[in-house]
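With chain V fixed as given, assemble chain H onto it according to the hints.
Protein chains: 2
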Amino acid sequence: MKIIVVGAGGAVGQAAVKALEARHEIISVGRNSGDLHADLDDVDSIRAMYRETGKVDAVVSAIGHGHFGALEQMTAEQFMLGIHHKLLPQVNLVLEGFDYVNDGGSFTLTSGVLNRDPIRGSAAAGAANGALDGFVCAAAVDMPRGLRINCVSPEVLEASRERYDGFFNGHYHVSDEAVGLAFSRAVEGCQTGQVLIVEFG
Amino acid sequence: MKIIVVGAGGAVGQAAVKALEARHEIISVGRNSGDLHADLDDVDSIRAMYRETGKVDAVVSAIGHGHFGALEQMTAEQFMLGIHHKLLPQVNLVLEGFDYVNDGGSFTLTSGVLNRDPIRGSAAAGAANGALDGFVCAAAVDMPRGLRINCVSPEVLEASRERYDGFFNGHYHVSDEAVGLAFSRAVEGCQTGQVLIVEFG
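Protein sequence lines correspond, in order, to chains V and H.
According to our numbering, the residues represented by the first sequence are 1 to 201, in order.
According to our numbering, the residues represented by the second sequence are 202 to 402, in order.
Derived by calculation from the structure, the hints in this document are not laboratory data.
Any given hint might turn out to be false.
Said to hold, decoys possible - Facing chain V, according to a computed beta carbon distance under 10 Å, are these residues of chain H, among others:
(1) Met-202
(2) Ile-228
(3) Ala-277
(4) Phe-280
(5) Leu-282
(6) Val-295
(7) Pro-319
(8) Gly-322
(9) Gly-327
(10) Gly-347
Claimed, not checked - Partner residues are not named here, just some residues of chain H that face chain V (Cβ under 7 Å, in silico):
(11) Thr-254
(12) Val-257
(13) Phe-269
(14) Gly-270
(15) Ala-271
(16) Leu-272
(17) Gln-274
(18) Ala-339
(19) Asp-343
As the list claims (entries may be wrong) - Computed list of chain H residues with no C-beta within reach of chain V, every gap over 12 Å:
(20) Lys-219
(21) Glu-222
(22) Gly-231
(23) Lys-256
(24) Thr-276
(25) Arg-317
(26) Arg-321
(27) Ser-323
(28) Cys-352
(29) Glu-359
(30) Tyr-373
(31) Cys-391
A quick note: this is a predicted structure, and the numbers were derived from the prediction, not measured.
Ideal placement from N, C-alpha and C gives every residue a C-beta, glycine not left out.
Only chain V is shown next, with the shape it has when bound in the complex:
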């Protein structure tokens, strides 16, 4: 398969690439790294990316960031950062991707643990993750031409332990291999509309 992996340079993206690159042609995409550069916050940049890749069999997204901070001090603008920089770019990858994904292909998005096992200050992230999980569930029944759509929702990664030091105490830190299996299942498997939770391993 020919597979676009957006956010391929991040911890989750690297886990996805490792799981798929031995068997497939990967086009890695990042803001400043990878085979192609794209700014997912800009829909024109998404369109340019697809024009560059041409037809593919799968699109994997492992991007997104947002605001962390106490809810009582949170502004609406801070709340919306996760919507604008994690939810909407991944939704736009789908909305703009229909003409570029071959029949029977798939979209795989990334949400995360914080809408089921939150940490302090994660209300905005929980909303963005929940939106992604809800989106793939409902989008799946609308997919044309046998296209599938799923979401990988990993626990915090072992690879991100230092970066998030202290924020995820008590959370199991999952391996690249465990996260990679979920992306493999999403891309190479048969399910659709699923939230593939990676809780252990």
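Showing chain H alone in chain V's frame:
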């Protein structure tokens, strides 16, 4: 208790009011109906509403609308309608409400069935609902002064059968009483961070 019910004129809001009005003082709020008028899409209108009500013990929200339509034809702007008119107004009710809800009080938001049992054309609604469910889960751990926050996620209401005729075939249509029990449990109960699903009854 003194309870604000926003969207009190809608099907879900009416079910909430019916369940609570015998035991509590209800301040009903609607765009064009109710004890107070407010436009929840406008944060200044939310602030004016709270200044008018003064301190309360609970805030119940039963508002929201969005775009329904085939995903392949959906624009990003259409997708975002549910975010801007269902998710963000309810989040703003919380963000702006901290100074007005008494210690130990509660916020109760409304999501819906479409992020777990979608119908065709409901991808945007599924995202908005999932965001609300994820938000309350994560927001609950950030709540100060013993405040609680939950979300009622009802199946389609019997009261809305004619309005949505044909769209929810095969879905159980829940009664006002069943929906009202969930709001009662959210407001008068003790749980927090929960999605109170109303599937039958």
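Here's how the hints hold up against the structure:
1. Taking 10 Å as the C-beta contact cut-off toward chain V, the hint placing Met-202 (chain H) at the interface is violated, the least distance being around 22 Å.
2. Because the smallest distance between the Cβ of Ile-228 (chain H) and any Cβ of chain V comes to about 23 Å, over 10 Å, the interface hint for this residue is violated.
3. Contact between Ala-277 (chain H) and chain V, as hinted, is supported at the beta carbon level, the nearest pair being about 6 Å apart and thus within 10 Å.
4. Below 10 Å, beta-carbon pairs count as interface contacts, and Phe-280 (chain H) has one with chain V at about 6 Å; its hint therefore holds.
5. Of the supplied interface hints, the one on Leu-282 (chain H) is violated, with its beta-carbon coming no nearer than about 13 Å to a beta-carbon of chain V, more than 10 Å.
6. Hint on Val-295 (chain H) holds. Least Cβ distance to chain V is approximately 7 Å, under the 10 Å limit.
7. Evaluation of the Pro-319 (chain H) hint against chain V yields a held restraint, the C-beta minimum of about 4 Å falling below 10 Å.
8. Evaluation of the Gly-322 (chain H) hint against chain V yields a held restraint, the C-beta minimum of about 7 Å falling below 10 Å.
9. The criterion of a C-beta within 10 Å of any C-beta in chain V is met by Gly-327 (chain H), whose closest approach is roughly 3 Å, and the hint holds.
10. Interface restraint check: Gly-347 (chain H) against chain V, minimum CB-CB distance 13 Å, threshold 10 Å, status violated.
11. Hint status for Thr-254 (chain H) relative to chain V: violated, with the closest Cβ pair at about 19 Å, above 7 Å.
12. For Val-257 (chain H), the suggested interface contact is broken, since its CB lies about 17 Å from the closest CB of chain V, more than 7 Å.
13. Interface restraint check: Phe-269 (chain H) against chain V, minimum CB-CB distance 10 Å, threshold 7 Å, status violated.
14. Of the supplied interface hints, the one on Gly-270 (chain H) is violated, with its beta-carbon coming no nearer than about 9 Å to a beta-carbon of chain V, more than 7 Å.
15. The closest approach between the C-beta of Ala-271 (chain H) and any C-beta of chain V is roughly 6 Å, which is under the 7 Å cut-off, so the hint is satisfied.
16. With 7 Å as the threshold, the beta carbon of Leu-272 (chain H) comes within range of chain V, its nearest partner Cβ sitting at about 4 Å, so the hint holds.
17. Because the smallest distance between the Cβ of Gln-274 (chain H) and any Cβ of chain V comes to about 9 Å, over 7 Å, the interface hint for this residue is violated.
18. Because the smallest distance between the Cβ of Ala-339 (chain H) and any Cβ of chain V comes to about 3 Å, under 7 Å, the interface hint for this residue holds.
19. About 4 Å separates the beta-carbon of Asp-343 (chain H) from the nearest beta-carbon of chain V, less than 7 Å, and the hint is met.
20. For Lys-219 (chain H), the requirement that its beta carbon stay farther than 12 Å from each beta carbon of chain V is met, with the minimum near 28 Å.
21. No beta-carbon of chain V comes within 12 Å of the beta-carbon of Glu-222 (chain H); the shortest separation is about 29 Å.
22. For Gly-231 (chain H), the shortest C-beta to C-beta distance to chain V comes to about 22 Å, beyond the 12 Å cut-off, and the non-interface label holds.
23. Non-interface status of Lys-256 (chain H) relative to chain V is upheld: no Cβ of that chain comes within 12 Å, the nearest being about 16 Å off.
24. Some Cβ of chain V comes within 12 Å of the Cβ of Thr-276 (chain H); the nearest lies about 7 Å off, and the non-interface call is violated.
25. With a closest Cβ-Cβ approach of about 7 Å to chain V, Arg-317 (chain H) is found to fall inside the 12 Å limit, against its non-interface label.
26. Not every CB of chain V lies more than 12 Å from the CB of Arg-321 (chain H), the least distance being 6 Å, so the non-interface label is violated.
27. Taking the minimum C-beta to C-beta distance to chain V, about 5 Å, the non-interface status of Ser-323 (chain H) is violated against the 12 Å cut.
28. Here Cys-352 (chain H) does not stay apart from chain V, with its beta-carbon only about 10 Å from theirs, under the 12 Å limit.
29. Consistency note on Glu-359 (chain H): stated as away from chain V, and its beta-carbon is indeed over 12 Å from all of that chain's, at 23 Å minimum.
30. Every C-beta of chain V lies more than 12 Å from that of Tyr-373 (chain H), the closest at about 18 Å, which supports listing it as non-interface.
31. Look at Cys-391 (chain H): its CB is around 19 Å from the nearest CB on chain V, clear of 12 Å, so calling it non-interface holds up.
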